[in-house]
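J.: The hints should help you fit chain D onto chain S, whose structure is shown.
These protein sequence lines are chains S and D, in that order. Numbered per the numbering used here, the first sequence spans residues 85 to 602. Numbered per the numbering used here, the second sequence spans residues 542 to 848.
The hints are simulated quantities; they were obtained by calculation from the structure and are not laboratory data. One thing to keep in mind: the hints can contain errors.
What the hints assert, rightly or not - PhoX-like mimics (lysine-lysine), calculated; alpha carbons at most 25 Å apart, straight line:
(1) D:K702 to S:K216
(2) S:K218 to D:K628
(3) S:K584 to S:K361
(4) S:K475 to S:K542
(5) S:K500 to D:K702
(6) S:K217 to D:K702
(7) D:K628 to S:K170
(8) S:K361 to S:K521
(9) S:K521 to S:K550
(10) D:K702 to S:K235
(11) S:K408 to S:K500
(12) S:K204 to D:K702
(13) S:K214 to D:K702
(14) D:K628 to S:K443
(15) S:K130 to S:K408
Stated by the list, open to error - Stretch-level coverage of chain D by chain S, calculated; a stretch enters the list once three of its residues show a Cβ under 8 Å from a Cβ in chain S:
(16) 665-679
(17) 698-710
Unchecked claim - Far from chain S by the CB rule (all over 10 Å, computed), these chain D residues:
(18) V544
(19) L546
(20) L553
(21) F622
(22) I632
(23) M640
(24) T657
(25) L690
(26) L692
(27) N781
(28) A794
(29) I804
(30) I819
(31) A837
(32) I841
No residue lacks a Cβ here, since even glycine has one placed at the ideal position from N, Cα and C.
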Amino acid sequence: MRRRNEFKEMNENIYSEVTVEMKGITKTFTGVVANYKVDFKAEAGKIHAVLGENGAGKTTLMNILYGIYQPDEGEIFVKGRRVKLKSPRDAINLGIGMVHQHFMLIPPHSVAENIVLGLKGSSFFYPAEKIKKKLLEISSKYGLEINPDAKVWQLSVGEQQRVEILKTLFRGSDILILDEPTSVLTPPETKNLFKTLKKMADEGKTIIFITHKLEEVMNVSDEVTVLREGKVVFTSETSKTNKKELAKEMVGREILFNSELGNGKFVKDRVSLEVEKISVLNDKGLLALKNVSFTVSEGEILGVAGVAGNGQKELVEAITGLRKVLKGKIKILGKDLTNKSPREIHGIGVSHIPEERVKTGIVPNLSVMENVVLRDYYHPPFSNGFFLNWKFIRAYTQNLVDQYRILTPNLNTPVKLLSGGNIQRIILAREISRHPKLIIASHPTYGLDIAATEHIHKLLREQKGKGAAVLLVSEDLDEIMSLSDRVIVLFRGEIIGEFKASEAKIEEIGLMMAGVKG
Amino acid sequence: MEVELIISVLKLTMEAGTPLLLGTLGEIYAERSGVLNLGVEGMMIMGAVTAFASTIYTGNPWVGVAAAAAVGGLMSLIHSFISITLKGNQIVSGLALTMFGLGLSGLIGKNYIGLTVRRINEFSIPALSKIPFLGPIIFQHDLLVYLSLALVPIMWFILFKTRIGINIRSVGENPAAADTLGVNVVLTRYLCVFTGGVLAGVAGAYLSLVYTPEWIEGMTAGKGWIVIALTIFSTWNPLNALVGAYLFGGIDAIQFNLQPLGIPVNVLKMLPYLMTIIVLLMVTRKTIRKKIGAPAALGIPYSREEK
Numbered sequence: 085m086r087r088r089n090e091f092k093e094m095n096e097n098i099y100s101e102v103t104v105e106m107k108g109i110t111k112t113f114t115g116v117v118a119n120y121k122v123d124f125k126a127e128a129g130k131i132h133a134v135l136g137e138n139g140a141g142k143t144t145l146m147n148i149l150y151g152i153y154q155p156d157e158g159e160i161f162v163k164g165r166r167v168k169l170k171s172p173r174d175a176i177n178l179g180i181g182m183v184h185q186h187f188m189l190i191p192p193h194s195v196a197e198n199i200v201l202g203l204k205g206s207s208f209f210y211p212a213e214k215i216k217k218k219l220l221e222i223s224s225k226y227g228l229e230i231n232p233d234a235k236v237w238q239l240s241v242g243e244q245q246r247v248e249i250l251k252t253l254f255r256g257s258d259i260l261i262l263d264e265p266t267s268v269l270t271p272p273e274t275k276n277l278f279k280t281l282k283k284m285a286d287e288g289k290t291i292i293f294i295t296h297k298l299e300e301v302m303n304v305s306d307e308v309t310v311l312r313e314g315k316v317v318f319t320s321e322t323s324k325t326n327k328k329e330l331a332k333e334m335v336g337r338e339i340l341f342n343s344e345l346g347n348g349k350f351v352k353d354r355v356s357l358e359v360e361k362i363s364v365l366n367d368k369g370l371l372a373l374k375n376v377s378f379t380v381s382e383g384e385i386l387g388v389a390g391v392a393g394n395g396q397k398e399l400v401e402a403i404t405g406l407r408k409v410l411k412g413k414i415k416i417l418g419k420d421l422t423n424k425s426p427r428e429i430h431g432i433g434v435s436h437i438p439e440e441r442v443k444t445g446i447v448p449n450l451s452v453m454e455n456v457v458l459r460d461y462y463h464p465p466f467s468n469g470f471f472l473n474w475k476f477i478r479a480y481t482q483n484l485v486d487q488y489r490i491l492t493p494n495l496n497t498p499v500k501l502l503s504g505g506n507i508q509r510i511i512l513a514r515e516i517s518r519h520p521k522l523i524i525a526s527h528p529t530y531g532l533d534i535a536a537t538e539h540i541h542k543l544l545r546e547q548k549g550k551g552a553a554v555l556l557v558s559e560d561l562d563e564i565m566s567l568s569d570r571v572i573v574l575f576r577g578e579i580i581g582e583f584k585a586s587e588a589k590i591e592e593i594g595l596m597m598a599g600v601k602g
Numbered sequence: 542m543e544v545e546l547i548i549s550v551l552k553l554t555m556e557a558g559t560p561l562l563l564g565t566l567g568e569i570y571a572e573r574s575g576v577l578n579l580g581v582e583g584m585m586i587m588g589a590v591t592a593f594a595s596t597i598y599t600g601n602p603w604v605g606v607a608a609a610a611a612v613g614g615l616m617s618l619i620h621s622f623i624s625i626t627l628k629g630n631q632i633v634s635g636l637a638l639t640m641f642g643l644g645l646s647g648l649i650g651k652n653y654i655g656l657t658v659r660r661i662n663e664f665s666i667p668a669l670s671k672i673p674f675l676g677p678i679i680f681q682h683d684l685l686v687y688l689s690l691a692l693v694p695i696m697w698f699i700l701f702k703t704r705i706g707i708n709i710r711s712v713g714e715n716p717a718a719a720d721t722l723g724v725n726v727v728l729t730r731y732l733c734v735f736t737g738g739v740l741a742g743v744a745g746a747y748l749s750l751v752y753t754p755e756w757i758e759g760m761t762a763g764k765g766w767i768v769i770a771l772t773i774f775s776t777w778n779p780l781n782a783l784v785g786a787y788l789f790g791g792i793d794a795i796q797f798n799l800q801p802l803g804i805p806v807n808v809l810k811m812l813p814y815l816m817t818i819i820v821l822l823m824v825t826r827k828t829i830r831k832k833i834g835a836p837a838a839l840g841i842p843y844s845r846e847e848k
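The following block holds chain S by itself, in its conformation from the complex:
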């Protein structure tokens, strides 16, 4: 009996070699615990999903494995050997590669130059030229087609990700870490990526990918580890668990999925936003919007679908007064507000939830209080025109922090120390608490975890219920379909299609996003 057990163990070792083992990892950033006594194991030939909300410590843990951060405590074993990873170079030498959520690419350089950067044993002269042949070999082997001479800034996001993966393959990585790899991809690109990952796993590589999308975990991974508030709360073979259980572990309570919430629709005939044949330039001075017209009514959510860079950003900026409208008219609540100042537009009851929340939604170094009153600090009751009324601001902020479930050490904490979800809650608190008539929401849940997404969707629905018109710009088709009453699709600055959300098919919209007219 004993003998048979031993034999079984031996056998298991052959087929499931543990290549990465992290034991008791603890890491703190200026008082915030990102990882606490985390144990993590990944095996060769398997795809291991690391699931968790934003701020759960997934990225920190993987950055430690890649040598970017040093753990305060804990041990790391790679391929059975205890290692100290002082820098990414150490990790690379051990065969670890990482594809970061925000790509680590040099946009003005060519694909080949990006791949050869920091490559050990590359030739001194003409290094980029000399790797082209091998690069093409690897790229065709894994179905990662790419032009080695193209400049990275010319590539689509999906292609840029291919460059990132090729970078790790070129370095002979057999342990590959991907941080939220699908957050920027279109559905077909996602499908391709997973095909490539499966192929790599079949070859015996260890694939670890960070995500907060349950769907992906269920579809692709062999094993899953759930992190919550910096700790491992759950780990299992994927086949032995399900979406509901994972969601519960991840959030720490039961979750309602969008589909279960239903979609209370009521559209009134009162138009809140009327966009009339507007044309707008982008940063490079090229036409970003060409004769775009649409309306949004009271109590209606209009979804704007499209791949990033097809004019969504410019549209939002034009409506909110941040970008000059070249031609056409923008009427809000019947008033012509074309090319008026953002403060004037806001004054009439327009709220703006901007994309790139850290860059444009908040002032990172200011406190929670200051960020909450950023729009209204200049008038009573927040100030008397010169002095700020801190007593009132504090009480007001405390009220919003409770109401919107903003997790912050205290009201004076600089906002930059909070997680993405909490930053977004601050923005929503600021924008929604004043009962807006029109809400311009740009990628409101981008990069957020389920709990925060659910919360934000609920808030938007509430506002809709109160009669606010909502313009929802998002790349997440599921989000658009579940929230919107109507959907328009932007492609190269033009509206290429319009649907009632209840009648639209997600595949059809997906095709339109790629420029195929319905």
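T.: Then chain D, alone, in the frame of chain S:
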């Protein structure tokens, strides 16, 4: 007569352009790696006084050049330490370096005012200097001119066609990316700023040993600032630096010949600075800046665990 005048102006153009070229080549490397060094003026003038003083003592101008290079390099290390290691503000540190250099050089140079020095001899390249017209313009200079000319293609090649060059440019564009691939960001930046310092020092030596072989307080007269403008003007490309430096050198050289035409001296002397302002005005427009492609991480200290 006419031809001789043209020859002498063009020859002078190259000489006036040489310190600008050396300085600009160095600053291009520093900025390509992401470090803005506004201390060029200070390093240059310290190079000038060091070169002059050490030539007086040793009688050998090449000792002067070497000493100037060393002093320029050392001064750049101050800037590197503050802006790379301590992650301080590069503008403040660079300005401080310039003020420090101007002040200290004045103090050191007090005893050398009015002295003369053995200047670096001209070295006519045997056959080439006999070519009519071009010969006397291009091939009858001192070795530093040839050195600066040789550096242009060499530094261009290193920057764009070698492994080190990719490292340098990447560190200046996206240091986090370079870091994750195992490139030593700190070392790369130190080396580039040091290169800039050495060349600024040599540029200073050229001023006090060749261009006006004496020591005058403040003799760089803003050439360090012209270098900063030229770095932008050349779009951080060593080949363009050659054009820019000689263009500005030409403006300098032509002054002496326009004087007899009745244009006031002060207006003529203003020209290089006027050009500098125009260049800087041109490139401060954000759109233009994006087009000419300034290194994306220029002026931003890199720290790995910054959140």
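J.: Determine for every hint whether it applies to the structure shown.
T.: Tested hints:
| no. | hint | verdict |
| --- | --- | --- |
| 1 | D:K702 to S:K216 | holds (14 Å) |
| 2 | S:K218 to D:K628 | violated (39 Å) |
| 3 | S:K584 to S:K361 | holds (21 Å) |
| 4 | S:K475 to S:K542 | violated (30 Å) |
| 5 | S:K500 to D:K702 | violated (40 Å) |
| 6 | S:K217 to D:K702 | holds (17 Å) |
| 7 | D:K628 to S:K170 | holds (20 Å) |
| 8 | S:K361 to S:K521 | holds (22 Å) |
| 9 | S:K521 to S:K550 | holds (9 Å) |
| 10 | D:K702 to S:K235 | holds (16 Å) |
| 11 | S:K408 to S:K500 | violated (30 Å) |
| 12 | S:K204 to D:K702 | holds (17 Å) |
| 13 | S:K214 to D:K702 | holds (11 Å) |
| 14 | D:K628 to S:K443 | holds (22 Å) |
| 15 | S:K130 to S:K408 | violated (51 Å) |
| 16 | 665-679 | violated (count 0) |
| 17 | 698-710 | holds (count 7) |
| 18 | V544 | holds (43 Å) |
| 19 | L546 | holds (44 Å) |
| 20 | L553 | holds (37 Å) |
| 21 | F622 | holds (21 Å) |
| 22 | I632 | holds (19 Å) |
| 23 | M640 | holds (30 Å) |
| 24 | T657 | holds (45 Å) |
| 25 | L690 | holds (22 Å) |
| 26 | L692 | holds (18 Å) |
| 27 | N781 | holds (16 Å) |
| 28 | A794 | holds (36 Å) |
| 29 | I804 | holds (39 Å) |
| 30 | I819 | holds (22 Å) |
| 31 | A837 | violated (8 Å) |
| 32 | I841 | holds (15 Å) |
In this structure, the hints that do not hold are numbers 2, 4, 5, 11, 15, 16 and 31, in rising order.
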